[in-house]
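Participant: Sequence:
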Amino acid sequence: MTSGTATTRQAGTDSTATAPAFTSVTRIGVTGHRSIPGSVLPGVRAEMRRQLSGGALEAFTCLAAGADQLFADIALDGGVPVTAVIPGMDYEAHLDDDAARAGYRRILRACANRVDLPREPTHEEAYFAAGRWIVDHCDRLIAVWDGRPARGLGGTGDVVAYARRTGVPVTVLWEPDVRRAP
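The sequence shown: position 1 = 1 (our numbering), numbered continuously.
Among the clues, some could well be false.
What the hints assert, rightly or not - Pairwise CB distance ranges (calculated):
hint: 1; residue 1: Pro42; residue 2: Gly79; range: 30 to 36 Å
hint: 2; residue 1: His94; residue 2: Arg148; range: 20 to 26 Å
hint: 3; residue 1: Ala102; residue 2: Gly147; range: 27 to 33 Å
hint: 4; residue 1: Ser24; residue 2: Ala99; range: 34 to 40 Å
Bear in mind the hints are in silico, worked out from the structure with no lab data behind them. For every residue, glycine included, the Cβ atom is placed at its ideal position computed from N, Cα and C.
Please construct the entire structure, taking both the sequences and the accompanying hints into account.
Facilitator: What follows is the structure, given as structure tokens:
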């Protein structure tokens, strides 16, 4: 994997931001599937709203289609600042479709901060590096996850496993016995 330093900047500026050594803000990250079945979506939405209410919060997301964009929209609607964590690749071009790209651009414009990660040798490594960055910088992780192994390196299952190994609390949002589309 490529090593390097991520560049953090406040959206709309050219200056880099330095994270304070201590903060009273609870940082919540998200990982999750791009496709969320209709039977799961209402519960996911309601629990995200609950998790993103009360107290000083900051949301971390890669802005992928599905769980990431849903999380970002709910955070922004609730006045929670969002930090976009951009994988080290031509990320926007690799989003699923025009709707996902439009959502990405719309939400990115509203983000308080943006972190551009160093380029990785493969897209999968870039996705996993972004997931690890979120875990390493959050106080807890919300996972919109069916509990099954990742379909490729850096998928939701990999990010959840990494969070659990590193001691970051994970809240899984899903309905029992519901499977996502293949």
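Participant: If a hint holds in the structure, say so; if it doesn't, say that too.
Facilitator: We went through each hint and held it up to the structure:
1. Pro42 / Gly79: 30 to 36 Å: The hinted range 30 to 36 Å is violated for Pro42 and Gly79, with Cβ atoms some 22 Å apart.
2. His94 / Arg148: 20 to 26 Å: Holds, at about 22 Å.
3. Ala102 / Gly147: 27 to 33 Å: holds, 30 Å
4. Ser24 / Ala99: 34 to 40 Å: holds, 37 Å
Violated hints amount to a single one, hint 1; each of the other numbered hints is respected by the structure.
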